[in-house]
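S.K.: As a plain string of letters, each chain reads:
2 protein chains.
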Amino acid sequence: MPVQPANPEPAPDFDSMLSRKFGKEVANYFSGSPLNRVGFLRSDHKFLSAALRHPSTQFLLCRDLQPLVDPSNGTKLCWVKYEDVKPVVGEDPYATTEEEMLGLYDSGRYVPQMVFLGIDEKVKEGLEYQGKNKYRGAPYFAIDVTPKSGVKEACEKLIAELEGKGIGFAKGRVMEIEALDDLTISPSSRARTSKTSQPELTTPQAAIYAEARQLLDWNARNPYCAQCGQPTLSVNGGFKRTCPPKDLARAASKTSSGLGNAILTPGAADNTATADESERPPCATRKGVSNLSFPRTDPTVIMAVVNHAGDRLLLGRQKRWPPYWYSTLAGFAEPAESIEEAVRREVYEEAGVHVGRVVIHSTQPWPYPANLMIGAVGQAIPSGETIDLGNDPELDNAKWFEFGEVREALKHGTSGLGDPPGEGYIEGGLRLPPPTAIANQLMTSVVNGFVSGTPNL
Amino acid sequence: MPVQPANPEPAPDFDSMLSRKFGKEVANYFSGSPLNRVGFLRSDHKFLSAALRHPSTQFLLCRDLQPLVDPSNGTKLCWVKYEDVKPVVGEDPYATTEEEMLGLYDSGRYVPQMVFLGIDEKVKEGLEYQGKNKYRGAPYFAIDVTPKSGVKEACEKLIAELEGKGIGFAKGRVMEIEALDDLTISPSSRARTSKTSQPELTTPQAAIYAEARQLLDWNARNPYCAQCGQPTLSVNGGFKRTCPPKDLARAASKTSSGLGNAILTPGAADNTATADESERPPCATRKGVSNLSFPRTDPTVIMAVVNHAGDRLLLGRQKRWPPYWYSTLAGFAEPAESIEEAVRREVYEEAGVHVGRVVIHSTQPWPYPANLMIGAVGQAIPSGETIDLGNDPELDNAKWFEFGEVREALKHGTSGLGDPPGEGYIEGGLRLPPPTAIANQLMTSVVNGFVSGTPNL
Chain A
1 MPVQPANPEP
11 APDFDSMLSR
21 KFGKEVANYF
31 SGSPLNRVGF
41 LRSDHKFLSA
51 ALRHPSTQFL
61 LCRDLQPLVD
71 PSNGTKLCWV
81 KYEDVKPVVG
91 EDPYATTEEE
101 MLGLYDSGRY
111 VPQMVFLGID
121 EKVKEGLEYQ
131 GKNKYRGAPY
141 FAIDVTPKSG
151 VKEACEKLIA
161 ELEGKGIGFA
171 KGRVMEIEAL
181 DDLTISPSSR
191 ARTSKTSQPE
201 LTTPQAAIYA
211 EARQLLDWNA
221 RNPYCAQCGQ
231 PTLSVNGGFK
241 RTCPPKDLAR
251 AASKTSSGLG
261 NAILTPGAAD
271 NTATADESER
281 PPCATRKGVS
291 NLSFPRTDPT
301 VIMAVVNHAG
311 DRLLLGRQKR
321 WPPYWYSTLA
331 GFAEPAESIE
341 EAVRREVYEE
351 AGVHVGRVVI
361 HSTQPWPYPA
371 NLMIGAVGQA
381 IPSGETIDLG
391 NDPELDNAKW
401 FEFGEVREAL
411 KHGTSGLGDP
421 PGEGYIEGGL
431 RLPPPTAIAN
441 QLMTSVVNGF
451 VSGTPNL
Chain B
1 MPVQPANPEP
11 APDFDSMLSR
21 KFGKEVANYF
31 SGSPLNRVGF
41 LRSDHKFLSA
51 ALRHPSTQFL
61 LCRDLQPLVD
71 PSNGTKLCWV
81 KYEDVKPVVG
91 EDPYATTEEE
101 MLGLYDSGRY
111 VPQMVFLGID
121 EKVKEGLEYQ
131 GKNKYRGAPY
141 FAIDVTPKSG
151 VKEACEKLIA
161 ELEGKGIGFA
171 KGRVMEIEAL
181 DDLTISPSSR
191 ARTSKTSQPE
201 LTTPQAAIYA
211 EARQLLDWNA
221 RNPYCAQCGQ
231 PTLSVNGGFK
241 RTCPPKDLAR
251 AASKTSSGLG
261 NAILTPGAAD
271 NTATADESER
281 PPCATRKGVS
291 NLSFPRTDPT
301 VIMAVVNHAG
311 DRLLLGRQKR
321 WPPYWYSTLA
331 GFAEPAESIE
341 EAVRREVYEE
351 AGVHVGRVVI
361 HSTQPWPYPA
371 NLMIGAVGQA
381 IPSGETIDLG
391 NDPELDNAKW
401 FEFGEVREAL
411 KHGTSGLGDP
421 PGEGYIEGGL
431 RLPPPTAIAN
441 QLMTSVVNGF
451 VSGTPNL
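Read top to bottom, the protein sequences are chains A and B.
Using UniProt numbering, the letters of the first sequence map in sequence onto residues 1 to 457.
Using UniProt numbering, the letters of the second sequence map in sequence onto residues 1 to 457.
Calculated from the structure, these hints are not laboratory results.
Just so you know, not all the hints are guaranteed correct.
[Claimed, not checked] With a straight-line cut-off of 30 angstroms between C-alpha atoms, the simulated DSS-like cross-links for lysine-lysine are:
| # | chain 1 | residue 1 | chain 2 | residue 2 |
| --- | --- | --- | --- | --- |
| 1 | B | K399 | A | K21 |
| 2 | B | K132 | A | K152 |
| 3 | A | K319 | B | K287 |
| 4 | B | K171 | A | K132 |
| 5 | A | K399 | B | K24 |
| 6 | B | K122 | A | K46 |
| 7 | B | K246 | A | K148 |
| 8 | A | K411 | A | K24 |
| 9 | B | K319 | A | K287 |
| 10 | B | K134 | B | K122 |
| 11 | A | K134 | B | K399 |
| 12 | A | K287 | B | K152 |
| 13 | A | K319 | B | K240 |
| 14 | B | K411 | A | K171 |
| 15 | B | K411 | A | K246 |
| 16 | B | K21 | A | K21 |
| 17 | B | K134 | A | K399 |
| 18 | A | K24 | A | K81 |
| 19 | B | K240 | A | K240 |
| 20 | A | K24 | B | K287 |
| 21 | A | K399 | B | K171 |
| 22 | B | K287 | A | K21 |
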């Protein structure tokens, strides 16, 4: 009997009372992954071991967080196979259980970072795996092949082989170019790309890369335990770091005379005399659950603020942006505030405007390095519309724009930051970010009746 | 001329087109702080120094993250004055600039954690301060007075003095008890409180404590740099940790013979020979901006899921909960997914149900330790309503409940987890969390017409 996909395509467009009342869900760029992450299988090394070595498995290689792309193919992500990565990661890095791995931890041994991204259940010849339920699909992994330490040679050899086929690592950020899906790659951006290797990704590819990038980056930024200062180990398919109770490198160091490579950490004295030389000082993260063990995502707010009359939009600009370029205000949410409060605070700090009601519109993952952009629409209170840049002088300018001017700019004035404006743009007119940016989606919703309820195109 | 409050009370209830279209904003417990955080002044030590020592300034003391409360006063937060905390924090800890502090950094010297929380602009006799704009209000600080290291004696003395007045530190969590504001403290919860010192806080007090707790906890969990393993320094009024380039404790250790208190960190060899013995190995967080320097907030999703017909609600229960107790499903957002995707993934993982359209309802800060709860309403697709607990077996059970049953439980079956159900509850009926929980607010909205648009009370 064929296995049913456990996770059919998410169906935000499916007709429902919610979508009839609130409209179609806005799916922002970097969301929309085709993979079922099956996160509950990440600690199951029997599964990971089978997934790593299955013929259907796809590997995304990254060097210094940049993905492997094929410039001959619209700079799409380029996938490699188990046979390609075996010299880097070894025959079966998941041969031992997670518990056994902990016991064998040696901080002196460099292990290339691997991340299990999920399975594509649309692939019928994928791995079939029986957990509590049955799953089937093509597994996806990301691997850091930056040449270093013990895998330097293996990585260099693999990269040279790929380069021999005309395949290399992307340069620049996804998304600093034109809005993209399979159908809208413009000839001009294609030409630019083939020169610069700047990746142009369809929505599903961008979402997979976002997951890979954010996890590889988080692991790279957190080799040490922030609680106790000791090196940590990546577990759970790359989605967790743990502070092991033992470290074979300690025993090795203690028996040798060399203490020259010790870093002084005067705050954490290690006075415990233990029978096992590899044992490390206690760490609070080993007791109970610590959020330090899990990847970090920083919530940010980005908001289209309308005036009380509901016919103008508050936009701001930074000094480094091209002339006439504006966008919605944005900033990091602070600890212990709601998103609604964060929106009011940021708008007050940056523009002096006081916002009343805030409605959350949609969200966007943003993997540079680890943001979650929470898009909102807010409305100013009548006595609070005066702009004042004097609190937190982050902006070069902020201004109220009539909806008509914004509507015109959304038609002819959008582009990536470094790119020329769209066709029909008249010099001196307002310029705005492209549709891949949630800022653009917020503005589009607002000028099309999000606030008043009357469609207003 | 009197200074106008820079940040008048946020006015989510102010009549606006947005509130007429989407209804009144739901303000969840732990949000609604009365303070203007004036975060842009946190690096200004002239301001912090004046704020710390002003007669209007209020200090919230915490020991092991628990706030000082006055059991004789409904277990409200208890505030102390500069003269009280001076023996702990010193005459003027902000006398030097942030840059000078960096140069004098000594990881061997314990400094009690202070957090600048903001100013209450309603206080007319508050500190007046001229930045780029003029600000006036009573400053608020939180201070960790857990007796330890160099301030052990001073903290113990202060605590003993307070205890002599019948004032002490709270026990247990805010919010595990009955929903509270100034008007709804029930005699029974009052009685319980005076016995257990479990804090009962009004909304503004809870919001101030949430800010204090989350920041003190973050600083306590992050004494070491996750990038390089070296100890870090709290700056920016407690809202940032930095990895200083020098550490006077290094020089002291190097000139002494004692290397016994060194922790072995084999991955980060320090082979640089420098003229200045206090200089530390390079760290990537010192170049550019690193999110590791800033407090961490973990986005979570919590969702009321309705069936396709729009008349039932999906609720789940954990094993450790009392009988008949259910709530909405919830879980951590993962890296590089939108909130809408996180909602769909969590509901699939925990209950096997497939959700289409997701609408974000409201958000709630949750300082245990650092969550941002993003509340959403989702609607199942017609073919995806079958419950299956077999993917991620986190729940004891999940069930579809008719709106009528939920409505009844919201009237008579809500309480804190450890407390008896409300008046009129009949044994065997559904039990639900109290109105201070966002889960309750989501269910209330849904049974009152959030999905269909027809009020349905």
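S.K.: Holds or violated: are the alpha carbons of B:K399 and A:K21 at most 30 angstroms from each other?
M.R.: Roughly 25 angstroms between the alpha carbons, so the hint for B:K399 and A:K21 holds.
S.K.: Are the Cα positions of B:K246 and A:K148 separated by 30 angstroms at most?
M.R.: 28 angstroms, holds
S.K.: Keeping to a limit of 30 angstroms between CA atoms, is the pair of B:K240 and A:K240 held or broken?
M.R.: Holds, at about 24 angstroms.
S.K.: Take the C-alpha atoms of B:K134 and B:K122, compute the straight-line distance between them, and say whether it is at most 30 angstroms.
M.R.: Roughly 15 angstroms separates the two Cα atoms, so the pair holds.
S.K.: Hint check: A:K287 vs B:K152, CA-CA at most 30 angstroms. Holds or violated?
M.R.: Judged against 30 angstroms, a Cα distance of about 25 angstroms means the pair holds.
S.K.: Can the restraint linking B:K171 and A:K132 be considered satisfied, given a maximum Cα separation of 30 angstroms?
M.R.: 41 angstroms, violated
S.K.: Taking 30 angstroms as the top limit, are the C-alpha atoms of A:K24 and A:K81 close enough?
M.R.: Since the Cα atoms of A:K24 and A:K81 sit roughly 38 angstroms apart, the hinted pair is violated (cutoff 30 angstroms).
S.K.: Are the Cα positions of B:K134 and A:K399 separated by 30 angstroms at most?
M.R.: 22 angstroms, holds
S.K.: With a cut-off of 30 angstroms on the C-alpha distance, tell me whether A:K399 and B:K24 pass.
M.R.: 27 angstroms, holds
S.K.: Is A:K24 close enough to B:K287, meaning Cα to Cα at most 30 angstroms?
M.R.: 42 angstroms, violated
S.K.: Checking one constraint from the list: CA of A:K399 to CA of B:K171, max 30 angstroms. Satisfied?
M.R.: 49 angstroms, violated
S.K.: Please work out if B:K132 and A:K152 have their alpha carbons no farther apart than 30 angstroms.
M.R.: 53 angstroms, violated
Checked against the numbered hints given earlier, the structure breaks hints 2, 4, 6, 14, 15, 18, 20, 21, 22 and satisfies all the rest.
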